[in-house]
Each structure stands twice: as structure tokens, then as C-alpha cells.
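The whole structure should be built from the sequences, with the hints applied where relevant.
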Amino acid sequence: MDNKKGIELIKLEVLGCINEKDRESLLKMKEADENFPWKVLAEYQNLIALLPLTLPLIYPDSDLKDKTATKLYKIRDEIKAKLDAKKPKEVINEPLIEEKPVVKETVLEEVEEGVQFKGEEQHLDEKVPTLIQTPVQEKTVADSPKYNVEGKDTATVKSVLDRELIEKITRDYFKSYIEKELEALKQGMKKNRLLSLAFFLFTLVLIVVLYFIG
Amino acid sequence: MAESNTLTDAEIMLKIAGYDSKALEQLYDRYAPILYTLIKKIVTDKETAEEILSDVFVIIWRHIDLFDFKTSNVYTWLIMLARNKAIDVLNRKGGKVTQDYTDEYEKEKIIPKLSPETEATELNKVLEKKEKIEGALGSLTDAQKYVMELSYFGGMNEAEIAGKLKIPAMTVKSKLQVAIGNLMQKLSEGGK
Numbered sequence: 001m002d003n004k005k006g007i008e009l010i011k012l013e014v015l016g017c018i019n020e021k022d023r024e025s026l027l028k029m030k031e032a033d034e035n036f037p038w039k040v041l042a043e044y045q046n047l048i049a050l051l052p053l054t055l056p057l058i059y060p061d062s063d064l065k066d067k068t069a070t071k072l073y074k075i076r077d078e079i080k081a082k083l084d085a086k087k088p089k090e091v092i093n094e095p096l097i098e099e100k101p102v103v104k105e106t107v108l109e110e111v112e113e114g115v116q117f118k119g120e121e122q123h124l125d126e127k128v129p130t131l132i133q134t135p136v137q138e139k140t141v142a143d144s145p146k147y148n149v150e151g152k153d154t155a156t157v158k159s160v161l162d163r164e165l166i167e168k169i170t171r172d173y174f175k176s177y178i179e180k181e182l183e184a185l186k187q188g189m190k191k192n193r194l195l196s197l198a199f200f201l202f203t204l205v206l207i208v209v210l211y212f213i214g
Numbered sequence: 215m216a217e218s219n220t221l222t223d224a225e226i227m228l229k230i231a232g233y234d235s236k237a238l239e240q241l242y243d244r245y246a247p248i249l250y251t252l253i254k255k256i257v258t259d260k261e262t263a264e265e266i267l268s269d270v271f272v273i274i275w276r277h278i279d280l281f282d283f284k285t286s287n288v289y290t291w292l293i294m295l296a297r298n299k300a301i302d303v304l305n306r307k308g309g310k311v312t313q314d315y316t317d318e319y320e321k322e323k324i325i326p327k328l329s330p331e332t333e334a335t336e337l338n339k340v341l342e343k344k345e346k347i348e349g350a351l352g353s354l355t356d357a358q359k360y361v362m363e364l365s366y367f368g369g370m371n372e373a374e375i376a377g378k379l380k381i382p383a384m385t386v387k388s389k390l391q392v393a394i395g396n397l398m399q400k401l402s403e404g405g406k
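Listed in order, the protein sequences are those of chains A and B. For the first sequence, the working numbering begins at 1 and goes up steadily by one. For the second sequence, the working numbering begins at 215 and goes up steadily by one.
Among the clues, some could well be false.
Unchecked claim - If the Cβ cut is set under 8 Å, some of the chain B residues that face chain A in the computed set are:
1. Thr251
2. Phe283
3. Glu333
4. Glu336
5. Glu372
6. Lys387
Derived from the structure by calculation, the hints contain no laboratory data. For clarity, every value in this text was computed on a predicted model and none was experimentally measured. A virtual CB, placed ideally from N, CA and C, is assigned to each residue, including glycine.
Shown next, in the form of C-alpha cells:
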């Protein structure tokens, strides 16, 4: 391949100023040429990304963070679906008979943790017994009879779990704002107290001075 | 919070991949100013810039799986993502892009595809290069700087730049190539 031509096209691509014809030939080079200068592409991508550093820094309004959090909350269903898709389907080899009743709260906690931290989700999976006693059935953790709450319909329980999961995703996000707001409020109260004290002392001194003048 | 402040950008991205919302907040705190600065330069309007910035973080949250954790070049990925999104909004407003904004479109046109041979880059390391890049940019001719600005921040293609400057498109192309080549050379010299 003509490496020089490739590099010249790379320069245009990283600037976002490449016409369709050049874009196509660059794409072909990327796909077909085993000697494509990937390292050069990486260097130019990094170089161009430095350009914003030359601009005077502007800070976005502080409430934009809250607006972003609201947007994230709105896409909770989509994220939930992604989380569900990430849960590995597993083979459970255990009797279908309910072993012992499990309280609802425990189930909620376990599933919440499983979704929040991938590692723990895998740990949950490891708890599944491996003894073959009944024909093999494909099930998810939430579908397991172990998680059936006192004979209640699994779908009902799952809907409760789902709601909890969605809330979990956004809860932490909002929590930190509240903490910050509280901190700011405390600081404000502290300042007010000091001001009141100073004002009180000033008034006291004024009264004493007026008394002696009088 | 003190612990999360010590996390590298790549570690934060890993936590985001586990849908850790606090990690996303941490990334926002770290990157919002530089991304907002870039976006504001491109679209100029404050409200639009704010909208784009929050959209960028939604994209990160939704498509974190498209980030290459092998190379973990967080800085360049985020800058390219913000630039692509801002240019797209600019082009749509100007009627240059009429294609529907679908999930596929976002994956194809907005989410950056970095070279597989890129290296991990973090904001704190990049900030150390601020003076160098300013110096290197200062060494370019005014014409070179101008065409680069029209292209990178203005989102103009070579035909548009050619029309604006009343010069042939081939000249625009070669000016851009020389400008970025010189910039790379000056930066490399400065790094020695």
C-alpha cells in the first residue's frame, strides 16, 4: 500500500474534513491493507484532540448536572433492558420443589446487588446447586423457584424487583446532589450564626456607649 | 468521594460499564468543562451547548460497551464524541444532514472509532501539554490556523472552505495536510 497516501488521508479524516471519495479509499485501506499505519492514525487522533486545550475554559452552569441526571432517569427502561440482557442465562440443576420460604426483602437486596456490581452477580450464580436430580431446565436467577415468595406469582414479584432496580440506578446519582445541598445549607447556617453573634455584640457595645454618653 | 477522586479515567469508565452512576458523575465533574468549552466553540449558543453536553453523557451511559477498554484512551474518545455530536447538531440546524438520528446512526457517525493502536490518555496528563500545543499552534501561519479552525471547529468540508476563501478545493486540502503535519512536527520537537 501507498503509506504516504494513507497518511495524507488520515490527516484529513481526523480533522473531519474528508470528502466521500477519499473516505472510501481510506476505508478500503483500513480494511484491506495489513500494513495500514494504525499507529500514525492514533497519533493524529490524539493530536487533534489536543486542540480544545487552546480554548479559554468555560464552565457549564451547575444545574446542568441535574438536567443530565433527569435525562438519564428517562432512559432507565432502556438501561434496565441492557442489564437484563447482561444477566447470563444459566443452567440450574435443582429440584423444582420450593426448598424453604425466602422473605421478600432478602430477595430484593440480593437482586439489587447483583445488578449493581457485575462481580457479585457472578457470585450469586455460583450459589446454584449442581446436583442433578431433575431434568435440566434453563432458568435465570430471578426465575428460580427459590425466589418465589410464599407462592406468589413470580411475575408480580419481578415487577417489584424491576422497579427497585430502576430506582437503584438513579438513586445514587441524586443522592450526591442532596448531600452537597445539605452541606451548603450547613455552611450557610454557620455563617448566619456568626453574623448574628457579631451583630449582637455590636448592638451591646452601642447600648453601653449610648448609656455612658447619656 | 476522596477515593473516587484518585481513580484514573480508565477506572472510572470501567465502573460506568458496571452502570455505576456515581462513576458517571465523577466523569462529568472531571470532563464537563473541557467538553463544554469545545461544544460551545462549535455551536456558540449556550442552551444548545448545554443540551449537547448532557446528550454526550447520555450517550456514554447508553453505549459504554462501545468504548475500547483494551486501549482505554478516554480523553481522545470523549473529545471526539463531543465534537462529533456538536458538529452533527450544527449540520442538522444548517440543513446539511437530513438523515434520521437513529441508534444505528449514532453508533456509526457519532461514537468515535479510535485506532486500535492508540494508547491510554487521561485528562490530567493531557493538561500538562497545554502550553506545548499552544506553542505549536502559534508557530503555524495565520492561513493554516484559519483553515484548521474552519474545519475542526466550524465543521466545514473542503468545498465549503474553498467557497468561503475563494480558493480551489485542492488548495484547501493541501493547506490542511501541511498545517496538521507542521503541528505534529512542532509538537514532537517541543517534546524532545
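Here is what the structure says about each hint:
1. For Thr251 (chain B), the suggested interface contact is upheld, since its CB lies about 5 Å from the closest CB of chain A, less than 8 Å.
2. Checking Phe283 (chain B) against chain A by beta carbon gives a least distance of about 13 Å; that is not within 8 Å, so the hint is violated.
3. Interface hint status for Glu333 (chain B): upheld, as the beta-carbon distance to the closest one in chain A is roughly 7 Å, under 8 Å.
4. The criterion of a C-beta within 8 Å of any C-beta in chain A is not met by Glu336 (chain B), whose closest approach is roughly 12 Å, and the hint is violated.
5. Evaluation of the Glu372 (chain B) hint against chain A yields a held restraint, the C-beta minimum of about 6 Å falling below 8 Å.
6. A hinted interface residue such as Lys387 (chain B) counts as satisfied when its beta carbon comes closer than 8 Å to some beta carbon of chain A; here the least separation is about 7 Å, so the hint holds.
In the structure shown, a violation is registered for the earlier hints numbered 2 and 4, in ascending order.
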